[in-house]
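All chains, full assembly: derive it from the sequences and hints.
2 protein chains.
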Amino acid sequence: MTTDRIRSFLAERRPEGPCLVVDLDVVRENYNAFTRALPDSRIFYAVKANPAPEILSLLAELGSSFDTASLTEIELALAAGAAADRISYGNTIKKERDIARAYELGVRLFAVDSFEEVDKIARAAPGSRVFCRVLTDGEGAEWPLSRKFGCAPEMAIEVLEHAHRSGVVAAGVSFHVGSQQRDTGAWERALATAATVFRTLAERGITLTLVNLGGGFPTRYLRDVPTVASYGESIFDALSRHFGNRLPETIIEPGRGMVGGAGVIKTEVVLIARKSAEDPVRWVYLDIGKFGGLAETMDEAIRYPIRTQRDGGEVAPCILAGPTCDSADVLYEREPYPLPTGLEIGDEILIEATGAYTTTYASVAFNGFAPLQAYVI
Amino acid sequence: MTTDRIRSFLAERRPEGPCLVVDLDVVRENYNAFTRALPDSRIFYAVKANPAPEILSLLAELGSSFDTASLTEIELALAAGAAADRISYGNTIKKERDIARAYELGVRLFAVDSFEEVDKIARAAPGSRVFCRVLTDGEGAEWPLSRKFGCAPEMAIEVLEHAHRSGVVAAGVSFHVGSQQRDTGAWERALATAATVFRTLAERGITLTLVNLGGGFPTRYLRDVPTVASYGESIFDALSRHFGNRLPETIIEPGRGMVGGAGVIKTEVVLIARKSAEDPVRWVYLDIGKFGGLAETMDEAIRYPIRTQRDGGEVAPCILAGPTCDSADVLYEREPYPLPTGLEIGDEILIEATGAYTTTYASVAFNGFAPLQAYVI
Numbered sequence: 001m002t003t004d005r006i007r008s009f010l011a012e013r014r015p016e017g018p019c020l021v022v023d024l025d026v027v028r029e030n031y032n033a034f035t036r037a038l039p040d041s042r043i044f045y046a047v048k049a050n051p052a053p054e055i056l057s058l059l060a061e062l063g064s065s066f067d068t069a070s071l072t073e074i075e076l077a078l079a080a081g082a083a084a085d086r087i088s089y090g091n092t093i094k095k096e097r098d099i100a101r102a103y104e105l106g107v108r109l110f111a112v113d114s115f116e117e118v119d120k121i122a123r124a125a126p127g128s129r130v131f132c133r134v135l136t137d138g139e140g141a142e143w144p145l146s147r148k149f150g151c152a153p154e155m156a157i158e159v160l161e162h163a164h165r166s167g168v169v170a171a172g173v174s175f176h177v178g179s180q181q182r183d184t185g186a187w188e189r190a191l192a193t194a195a196t197v198f199r200t201l202a203e204r205g206i207t208l209t210l211v212n213l214g215g216g217f218p219t220r221y222l223r224d225v226p227t228v229a230s231y232g233e234s235i236f237d238a239l240s241r242h243f244g245n246r247l248p249e250t251i252i253e254p255g256r257g258m259v260g261g262a263g264v265i266k267t268e269v270v271l272i273a274r275k276s277a278e279d280p281v282r283w284v285y286l287d288i289g290k291f292g293g294l295a296e297t298m299d300e301a302i303r304y305p306i307r308t309q310r311d312g313g314e315v316a317p318c319i320l321a322g323p324t325c326d327s328a329d330v331l332y333e334r335e336p337y338p339l340p341t342g343l344e345i346g347d348e349i350l351i352e353a354t355g356a357y358t359t360t361y362a363s364v365a366f367n368g369f370a371p372l373q374a375y376v377i
Numbered sequence: 001m002t003t004d005r006i007r008s009f010l011a012e013r014r015p016e017g018p019c020l021v022v023d024l025d026v027v028r029e030n031y032n033a034f035t036r037a038l039p040d041s042r043i044f045y046a047v048k049a050n051p052a053p054e055i056l057s058l059l060a061e062l063g064s065s066f067d068t069a070s071l072t073e074i075e076l077a078l079a080a081g082a083a084a085d086r087i088s089y090g091n092t093i094k095k096e097r098d099i100a101r102a103y104e105l106g107v108r109l110f111a112v113d114s115f116e117e118v119d120k121i122a123r124a125a126p127g128s129r130v131f132c133r134v135l136t137d138g139e140g141a142e143w144p145l146s147r148k149f150g151c152a153p154e155m156a157i158e159v160l161e162h163a164h165r166s167g168v169v170a171a172g173v174s175f176h177v178g179s180q181q182r183d184t185g186a187w188e189r190a191l192a193t194a195a196t197v198f199r200t201l202a203e204r205g206i207t208l209t210l211v212n213l214g215g216g217f218p219t220r221y222l223r224d225v226p227t228v229a230s231y232g233e234s235i236f237d238a239l240s241r242h243f244g245n246r247l248p249e250t251i252i253e254p255g256r257g258m259v260g261g262a263g264v265i266k267t268e269v270v271l272i273a274r275k276s277a278e279d280p281v282r283w284v285y286l287d288i289g290k291f292g293g294l295a296e297t298m299d300e301a302i303r304y305p306i307r308t309q310r311d312g313g314e315v316a317p318c319i320l321a322g323p324t325c326d327s328a329d330v331l332y333e334r335e336p337y338p339l340p341t342g343l344e345i346g347d348e349i350l351i352e353a354t355g356a357y358t359t360t361y362a363s364v365a366f367n368g369f370a371p372l373q374a375y376v377i
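Protein chains in written order, with UniProt numbering: chain A, 1 to 377; chain B, 1 to 377.
Put simply, identical chains are the same to the list, so a pair is met inside one copy or across any two.
Once the Cα atoms are required to be at most 20 Å apart in a straight line, the calculated EDC-like pairs of lysine to aspartate or glutamate come out as:
hint	residue 1	residue 2
1	K275	E335
2	K275	E344
3	K275	E158
Keep in mind the hints are simulated off the structure, nothing from the lab.
Below, the structure written as structure tokens:
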């Protein structure tokens with residue numbers, strides 16, 4: 001998954017310190033795969049996955065819309081050339097003054113999951129469209145979602161009716177099947193719920209039009225994942241089954257699925273050591289860890305593919321850890337990672353499929369280490 | 001624990017957005033408490049706990065030395081006025097070129113826990129003093145340490161002998177009893193081990209002189225913790241018991257114990273909502289969370305005291321979460337936090353004892369949110 005362009009860049013530029021390199025060609029291919037797989041859905045790229053200006057500009061040019069989590073992300077999307085009508089303020093937790101500012105900037109599509117958030121939007125962004133996020137079970141996802149976002153479907157019905165009565169357009173529902181979702185059927189269950197919300201509100205005289213299918217489209221790490229096309233088919237089938245020939249407007253919010261596979265982190269082996277003469281595993285310490293951008297190794301949730309310059313020979317299990325003086329800064333320990341027995345201090349290592357949720361996750365200066373450098377090529 | 005100075009600062013300055021305010025008077029008191037409790041130990045402040053220049057300058061002026069985790073922290077300590085002989089490079093995981101640079105800057109005291117690290121120091125910082133970190137069990141600590149740092153005591157003996165034979169001064173041993181250690185007896189067990197290492201090497205003709213007692217001194221969060229004076233007594237007793245009248249030179253590395261209680265984070269309630277009509281708990285969303293500086297709520301390890309403007313009346317359990325679109329950004333859910341039933345959206349909340357391990361832990365820009373602002377007064 002390290003493209004030739006990334007290899008050449010690293011070989012020629014030899015950047016000092018850990019860094020992420022993102023290949024825009026892969027982002028373009030991914031965008032095109034999404035449009036082919038779901039031709040009737042609008043794509044709202046989840047900016048939080050990687051807000052690099054080059055990525056946003058490319059996607060804006062390709063026609064993408066943008067799902068944003070904060071005012072800063074809205075400003076980044078605007079700066080990349082997206083008109084305000086291509087931006088949704090997709091965070092269900094917003095300060096009223098931030099909603100007002102987004103409204104001033106022209107944003108008219110907002111996420112909610114509570115009465116209280118509807119009230120803020122009614123005051124600060126009157127006439128805007130809202131979609132209400134419903135809770136789903138997240139079954140089958142590698143990075144399961146908690147109950148933090150969304151509300152029970154029965155409550156979503158009341159929240160949307162409340163919006164309708166408050167001078168806000170009750171546009172539809174959203175859900176998120178869980179990040180890195182490998183079960184294409186997960187959307188089926190969520191769409192059944194969405195259709196119920198549509199029907200109940202129709203009976204009350206409120207016509208919903210929008211289903212936000214969320215993200216969750218996976219990146220290939222160590223295991224194969226279904227193709228984007230197969231997700232598209234499953235989703236289209238489920239939409240037809242639950243909405244018949246009155247298909248709603250749909251949007252998708254790929255983040256990881258758009259950029260995860262487009263990036264590679266270059267890191268250096270700082271130390272290889274054992275804890276005692278009998279220690280069966282080596283500890284391999286890198287110059288990047290949990291606080292330098294690899295936060296998604298939390299609970300060893302995501303297991304990135306790793307390439308070394310000594311691949312092909314014998315391997316042995318290693319505990320992989322970061323460079324900080326924090327004992328929580330360990331990447332893989334519960335399930336040690338097999339790495340070449342010939343690995344040496346000073347070797348460069350490539351951590352693949354790291355284009356999403358790395359740069360912005362990096363800490364400001366924990367232990368004095370600089371945040372992750374990024375190059376978008 | 002919110003001092004009058006912090007209250008006045010917040011009332012007069014009314015800073016926008018979440019921020020940390022650190023009261024230097026409390027840092028000064030803490031420093032003095034450490035020197036009184038352990039008058040024969042040198043204090044090496046763990047810069048990683050909070051590297052704010054004002055804190056480093058104050059401590060340098062008071063006579064403190066500095067435990068650093070990286071070149072950047074060494075440079076910060078030097079800039080604060082500490083001479084290089086008051087700085088230890090306490091990370092056991094260092095690039096050889098960083099060791100060389102530290103040596104150029106005058107640093108002559110280094111941590112090791114492996115043969116490989118000794119070799120780097122022998123090449124890049126010849127003649128320096130090293131201490132070898134030994135593994136301890138961390139029993140009784142709220143933030144237990146993994147096996148990431150240190151090696152078995154038997155191996156530490158070999159590592160120090162290897163240093164001695166490589167042109168490096170085998171100075172002694174270090175250990176870390178675990179952060180937020182509430183059992184004053186934890187140092188007793190570690191010192192017994194240290195004394196064994198001293199004796200074994202003495203038999204081989206190598207005289208160790210230094211015991212680095214590490215950190216682990218707790219901050220008072222919700223539960224009472226032993227006083228610094230009682231730690232001092234326990235440590236002095238254990239030293240006398242295990243080293244008799246040939247007491248080694250000792251150093252301590254307080255970080256959390258020096259600055260944790262000196263800081264308060266001001267945050268704002270962004271949303272209060274329930275997930276369904278029957279939901280027994282409220283979800284309270286703040287404008288700071290796990291990625292904005294409160295990383296130590298990971299696994300709900302540290303439970304900060306929280307003050308609201310509505311304290312004193314009825315309380316009810318809340319799930320406390322941060323503002324990002326990340327479902328892992330939840331502070332307290334397993335054990336909900338009791339907060340006033342009258343709490344309202346827009347209320348200011350004070351999160352106390354947050355002076356350590358907050359600002360530098362904050363992510364660069366996750367979800368577009370700015371890192372934690374800090375004011376040192």
